[in-house]
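A.B. asks: With the hints as your guide, set chain H onto chain X.
Protein sequence lines correspond, in order, to chains X and H.
According to my numbering, the first sequence holds residues 1 to 228 in order.
According to my numbering, the second sequence holds residues 1 to 133 in order.
To be clear, the hints were calculated from the coordinates, so they are not data collected in a lab.
In this text the structure is predicted, and so the values were computed from the model without any measurement.
From the three backbone atoms N, C-alpha and C, an ideal C-beta is built for every residue, glycine too.
Hints may be right or wrong, so weigh each one.
[Said to hold, decoys possible] Only pairs whose alpha carbons sit at most 25 angstroms apart, straight line, appear in this in silico DSS-like list of lysine-lysine:
#, chain 1, residue 1, chain 2, residue 2
1, H, LYS2, H, LYS25
2, H, LYS67, H, LYS54
3, H, LYS67, H, LYS2
4, H, LYS4, X, LYS25
5, H, LYS25, X, LYS60
6, H, LYS67, X, LYS26
7, H, LYS67, X, LYS60
8, H, LYS67, H, LYS124
9, H, LYS67, H, LYS4
10, X, LYS22, X, LYS60
11, H, LYS124, H, LYS54
12, H, LYS67, X, LYS22
[Said to hold, decoys possible] Pair by pair, the computed Cβ-Cβ distance ranges are:
#, chain 1, residue 1, chain 2, residue 2, range
13, H, THR50, X, TRP113, 48 to 58 angstroms
14, X, MET90, H, ILE86, 39 to 49 angstroms
15, H, LEU10, X, TYR27, 34 to 44 angstroms
16, X, TRP113, H, ILE8, 34 to 44 angstroms
17, H, LYS25, X, PRO225, 28 to 38 angstroms
18, X, TYR27, H, TYR5, 29 to 39 angstroms
19, X, ILE219, H, ILE46, 36 to 46 angstroms
20, H, LEU18, X, LEU227, 35 to 45 angstroms
21, H, ILE32, X, MET90, 22 to 32 angstroms
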Amino acid sequence: MVFVITIFSIIATIGMYLLALKAHKKYPILLMTPIFFATTSIIIILLVMGISYEEYTLAKDIMTYLLGPATVALAIPLYRQRHVIMRNFMPVILGMIIGTTATIVATVYMATWIGLSEEMVTALSIKTITVPIASEVAVVIGADASFVAIMVVLTGMFGAMFGSVLLNWARITDPVARGLSFGTISHGIGTAQAMVEGEIEGATSGVAIGLTGVFTSLIIPWLLPLLV
Amino acid sequence: MKLKYALIFLGQLFILWLLNEIGMKLAAWLDIPIPGNVIGMILLFILLLTGVIKLEWINEASSFLLKHLVFFFLPITVGIMTLGPIFLNYGIPLAFVLFGSAAFGIILTGAVSQLLASRRKVAKERGIRDHNI
Numbered sequence: 001m002v003f004v005i006t007i008f009s010i011i012a013t014i015g016m017y018l019l020a021l022k023a024h025k026k027y028p029i030l031l032m033t034p035i036f037f038a039t040t041s042i043i044i045i046l047l048v049m050g051i052s053y054e055e056y057t058l059a060k061d062i063m064t065y066l067l068g069p070a071t072v073a074l075a076i077p078l079y080r081q082r083h084v085i086m087r088n089f090m091p092v093i094l095g096m097i098i099g100t101t102a103t104i105v106a107t108v109y110m111a112t113w114i115g116l117s118e119e120m121v122t123a124l125s126i127k128t129i130t131v132p133i134a135s136e137v138a139v140v141i142g143a144d145a146s147f148v149a150i151m152v153v154l155t156g157m158f159g160a161m162f163g164s165v166l167l168n169w170a171r172i173t174d175p176v177a178r179g180l181s182f183g184t185i186s187h188g189i190g191t192a193q194a195m196v197e198g199e200i201e202g203a204t205s206g207v208a209i210g211l212t213g214v215f216t217s218l219i220i221p222w223l224l225p226l227l228v
Numbered sequence: 001m002k003l004k005y006a007l008i009f010l011g012q013l014f015i016l017w018l019l020n021e022i023g024m025k026l027a028a029w030l031d032i033p034i035p036g037n038v039i040g041m042i043l044l045f046i047l048l049l050t051g052v053i054k055l056e057w058i059n060e061a062s063s064f065l066l067k068h069l070v071f072f073f074l075p076i077t078v079g080i081m082t083l084g085p086i087f088l089n090y091g092i093p094l095a096f097v098l099f100g101s102a103a104f105g106i107i108l109t110g111a112v113s114q115l116l117a118s119r120r121k122v123a124k125e126r127g128i129r130d131h132n133i
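Next comes chain X alone, as it looks inside the complex:
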């Protein structure tokens, strides 16, 4: 039974992913952003078939096995675009530091103001860093790791769906600046979308994932007590 559910889950996931790519090509609108469209359709299929996320876990582990090597492969756009990024060293570093810090402060103040519990505020503060770093940092600051992971994922999806629209609206046209925004706020999921915009955007975004993760893990243990 486990075997059947797992095989079914894998086929459904791959199928919905391919369908999402096709749908997005045909109708390039927000609701058709592959990550959003595929996630919602997979959840609907699992719910209809009565498969719980627990039962989906084995399929998940099999399919995410290559996420590590895929992250390693981000070194390639970085290598190809290294001159562009080195030329923009200060805009990248300062943009990342100011953007990350201001976002943490804004998140904590908004969350406290709206009356979310301290637990949630703590978890939300690290929502802009990639899942593997966020789960480590969650332990350090005493946040619930799986709740953090979902907040991180939702932020990533938001960035992938609305990043381009927001950046266009704010008239941010510089490809390095655009890539930096994607990676700093929406980590790997945003980077996948930044790759679609272009190689410079993708490379800068890939760099930003690591930079933001490391920077946040260094400042959050002392920044958070000052804010909460």
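C.D. replies: Leaving out everything else, chain H in the frame of chain X:
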């Protein structure tokens, strides 16, 4: 011919997998809060810079993984389905904070970076002009 391509592809995948494993081992051994895959990425970057690994050795497998990067996140995003009760109780305030601050961050990060980049360009152009005078 197809078999040869498949073998090359698997070999390239193996190099990426190995770097990831080394990154994970290093992270555990050094006991630092940087994930193993990010260390693997830095390692690969250094190896490419120093010419130890040639781009052609890993090109096909890397292009494939990067092209389908979104796919690898899907099984994780599906995990949202476990948060039903929390979303029912806190959905609106959570969405407000999550998306409001993310939108703010995206615009601010891009704006700061673009401003610094354009200032630098202006300064450079001015520098060139001054030299011409």
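A.B. asks: Now tell me, hint by hint, if it's right for this structure.
C.D. replies: Now the hints, each set against the structure:
no.: 1; hint: H:LYS2 to H:LYS25; result: 34 angstroms, violated
no.: 2; hint: H:LYS67 to H:LYS54; result: 20 angstroms, holds
no.: 3; hint: H:LYS67 to H:LYS2; result: 21 angstroms, holds
no.: 4; hint: H:LYS4 to X:LYS25; result: 32 angstroms, violated
no.: 5; hint: H:LYS25 to X:LYS60; result: 23 angstroms, holds
no.: 6; hint: H:LYS67 to X:LYS26; result: 18 angstroms, holds
no.: 7; hint: H:LYS67 to X:LYS60; result: 19 angstroms, holds
no.: 8; hint: H:LYS67 to H:LYS124; result: 36 angstroms, violated
no.: 9; hint: H:LYS67 to H:LYS4; result: 22 angstroms, holds
no.: 10; hint: X:LYS22 to X:LYS60; result: 23 angstroms, holds
no.: 11; hint: H:LYS124 to H:LYS54; result: 34 angstroms, violated
no.: 12; hint: H:LYS67 to X:LYS22; result: 14 angstroms, holds
no.: 13; hint: H:THR50 to X:TRP113: 48 to 58 angstroms; result: 50 angstroms, holds
no.: 14; hint: X:MET90 to H:ILE86: 39 to 49 angstroms; result: 41 angstroms, holds
no.: 15; hint: H:LEU10 to X:TYR27: 34 to 44 angstroms; result: 36 angstroms, holds
no.: 16; hint: X:TRP113 to H:ILE8: 34 to 44 angstroms; result: 56 angstroms, violated
no.: 17; hint: H:LYS25 to X:PRO225: 28 to 38 angstroms; result: 33 angstroms, holds
no.: 18; hint: X:TYR27 to H:TYR5: 29 to 39 angstroms; result: 34 angstroms, holds
no.: 19; hint: X:ILE219 to H:ILE46: 36 to 46 angstroms; result: 26 angstroms, violated
no.: 20; hint: H:LEU18 to X:LEU227: 35 to 45 angstroms; result: 41 angstroms, holds
no.: 21; hint: H:ILE32 to X:MET90: 22 to 32 angstroms; result: 26 angstroms, holds
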